[in-house]
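Colleague: I would like the entire structure built from these sequences, with the hints used as guidance.
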Amino acid sequence: MKVFKVFLAIAVMISLMYGEALGVSIGEPPPSFVLLNHEGRNVDISTLFNKPTVIYFTHNACHYCTQIIAMLKRANEKFGSEKLRIIGINVMAKDQKLVKAYREELGFIFPMFAGNRGDLLEAYEIYYVPKLVFIDGTGIVRQVVGHYIHEPELHENINAIIDNRPSTAHWNIRM
Amino acid sequence: MNRRDFLKLSTAAAGTAFASQIVPGISYASKEITNQRGPVSDLEVKAMVFDISYVTQILSSPKSGEKTRFWIPLPKSDVEQEITRLSIESPVPFNINEEPKFRNQMVFVGPENLKAGGFISVAYRIRRKTIGTVQDRNEDISKHSVLTGREKADGAITAFVKRVVGSEREPVKVGRRVFDALVETLTYDKTIPGCGMGNSVWTFRNKAGKCDDFHALFRTMMISKGVPVKWEQGIALSYPSAITTSGEMEGDCTGAHCWVRFHAGDGNWVPVDVSEANKRPEMREFFFGNLSPNRFKVSSGKDLILEPAQGGEPLNSFPYTHAEAGGIPLIYGHHFRNRIRFEVVRIEV
Numbered sequence: 003m004k005v006f007k008v009f010l011a012i013a014v015m016i017s018l019m020y021g022e023a024l025g026v027s028i029g030e031p032p033p034s035f036v037l038l039n040h041e042g043r044n045v046d047i048s049t050l051f052n053k054p055t056v057i058y059f060t061h062n063a064c065h066y067c068t069q070i071i072a073m074l075k076r077a078n079e080k081f082g083s084e085k086l087r088i089i090g091i092n093v094m095a096k097d098q099k100l101v102k103a104y105r106e107e108l109g110f111i112f113p114m115f116a117g118n119r120g121d122l123l124e125a126y127e128i129y130y131v132p133k134l135v136f137i138d139g140t141g142i143v144r145q146v147v148g149h150y151i152h153e154p155e156l157h158e159n160i161n162a163i164i165d166n167r168p169s170t171a172h173w174n175i176r177m
Numbered sequence: 006m007n008r009r010d011f012l013k014l015s016t017a018a019a020g021t022a023f024a025s026q027i028v029p030g031i032s033y034a035s036k037e038i039t040n041q042r043g044p045v046s047d048l049e050v051k052a053m054v055f056d057i058s059y060v061t062q063i064l065s066s067p068k069s070g071e072k073t074r075f076w077i078p079l080p081k082s083d084v085e086q087e088i089t090r091l092s093i094e095s096p097v098p099f100n101i102n103e104e105p106k107f108r109n110q111m112v113f114v115g116p117e118n119l120k121a122g123g124f125i126s127v128a129y130r131i132r133r134k135t136i137g138t139v140q141d142r143n144e145d146i147s148k149h150s151v152l153t154g155r156e157k158a159d160g161a162i163t164a165f166v167k168r169v170v171g172s173e174r175e176p177v178k179v180g181r182r183v184f185d186a187l188v189e190t191l192t193y194d195k196t197i198p199g200c201g202m203g204n205s206v207w208t209f210r211n212k213a214g215k216c217d218d219f220h221a222l223f224r225t226m227m228i229s230k231g232v233p234v235k236w237e238q239g240i241a242l243s244y245p246s247a248i249t250t251s252g253e254m255e256g257d258c259t260g261a262h263c264w265v266r267f268h269a270g271d272g273n274w275v276p277v278d279v280s281e282a283n284k285r286p287e288m289r290e291f292f293f294g295n296l297s298p299n300r301f302k303v304s305s306g307k308d309l310i311l312e313p314a315q316g317g318e319p320l321n322s323f324p325y326t327h328a329e330a331g332g333i334p335l336i337y338g339h340h341f342r343n344r345i346r347f348e349v350v351r352i353e354v
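The listed protein sequences correspond, in order, to chains D and V.
Note that the working numbering gives residue 167 to position 165 of the first sequence, counting from 1, and the numbers run on in steps of one.
Note that the working numbering gives residue 54 to position 49 of the second sequence, counting from 1, and the numbers run on in steps of one.
Calculated from the structure, these hints are not laboratory results.
It is possible that part of the hints are untrue.
As the list claims (entries may be wrong) - Facing chain D, a subset of chain V residues (Cβ under 8 Å, in silico):
1) Phe124
2) Thr153
3) Arg155
4) Pro334
To be verified - Sample of chain V residues lacking proximity to chain D, with all beta carbon distances greater than 12 Å (derived):
5) Asp56
6) Val97
7) Ile136
8) Asp145
9) Arg182
10) Ile248
11) Arg285
12) Met288
13) Ile310
14) Arg351
From the three backbone atoms N, C-alpha and C, an ideal C-beta is built for every residue, glycine too.
Modeller: This is the structure we're talking about:
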């Protein structure tokens, strides 16, 4: 019994040490963080995962990221904000000023958070942008797409999180 | 002199100058490709001479109405490269500044209300040599002994270094062991989009990356063994054997290249390009201790504070224009973009 307890303790320690660092995983809840939003308020982003959600990771140096915004807006119109939540995380931003300016410049109408934090980047495995994380209504990650995404693929991934089913989009780049 | 007057800075003179609003574009009267012997072996080229035209184009003004500031990296002449025929055109006054820590040089423009469609153009001729170890006893090695950004030695990296390096302490031998181990362990992954973020833990875990990732990991490992490593940031063109006589590319992070030099003692800085050694196995020996001439250096060091200081965070590196309004970085592709045109003037064998 004592050996089992020691084994269990080690397993828990390893889990605590590496659980978050292993990153966002399909079929698992996404990592949760309290992040500063564009209004200067700290928000636990896990409280936003109570309906199908797309997280959009971006950076000011990323040209292609800006082109995805138009697709996200069209998706919002198509699916409606009752069914779908979209949030942005700017991984260049450490404060409210930058995310606020980014939203205003590009007409990003969704909540946006400052994401220039090592722990967040590690947990979501953000080593490049853009990156999109699709979370279903039960708070489970269904798909992660890096870099280029085409609109039909975006819509299929959104349909999948609304329907709580795996996506059938073929061109996902999981990295 | 008003802003419509034309003044072109033709030498590397410091100070404020005015320049024209004409659309920039450099015309090259002569093309002296001297190597006419047929296909060139990349290993026998001694130097390459390029004409470079680097243009930052203003796409839109920030909605905040704040005046904008632009910092454009300006390569310097040194033992590795010679810059001549410098020409700068800007619709508003500019300065050539040098930041004090790493002595990086830059063209600074602003604060101004630059209109969409405006250009800042920097053109120069550069002769870049095939170069090996350089000696600089005046360089402060402490600046290059600190991990920055996402460079971090976790348990796995520490164990790997311990296994690879063993009890070796001589810097060149330590460097060679780390270089060989990384060339054999990592894969250059072209599918990774955009810019690498130089995250050493992720790179080591995934055994893949791009040049930023390879060299951040090399720095992490070497610095953990007490060997200073200098980051050098540049722009790479095609190898002599494959290069076209002229071309154009987007001046964003996707076209940047980086390499490093480690300190071997007595002011000797040994260059290594781990990612190119991985991509070009036949040049693996070459890239430990040498750099090919199809590149040029635009800045060095990490965690850079520009001159005048930018409002945002220190820059991880400075390959291309940094732009801000009200201390907030502008958005690439929305507020501004960079284009680089090159023309090969000469390949020296």
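Colleague: Need the list of violated hint numbers for this structure, in ascending order.
Modeller: Hints 1, 2 are the ones this structure does not satisfy, whereas the remaining hints hold.
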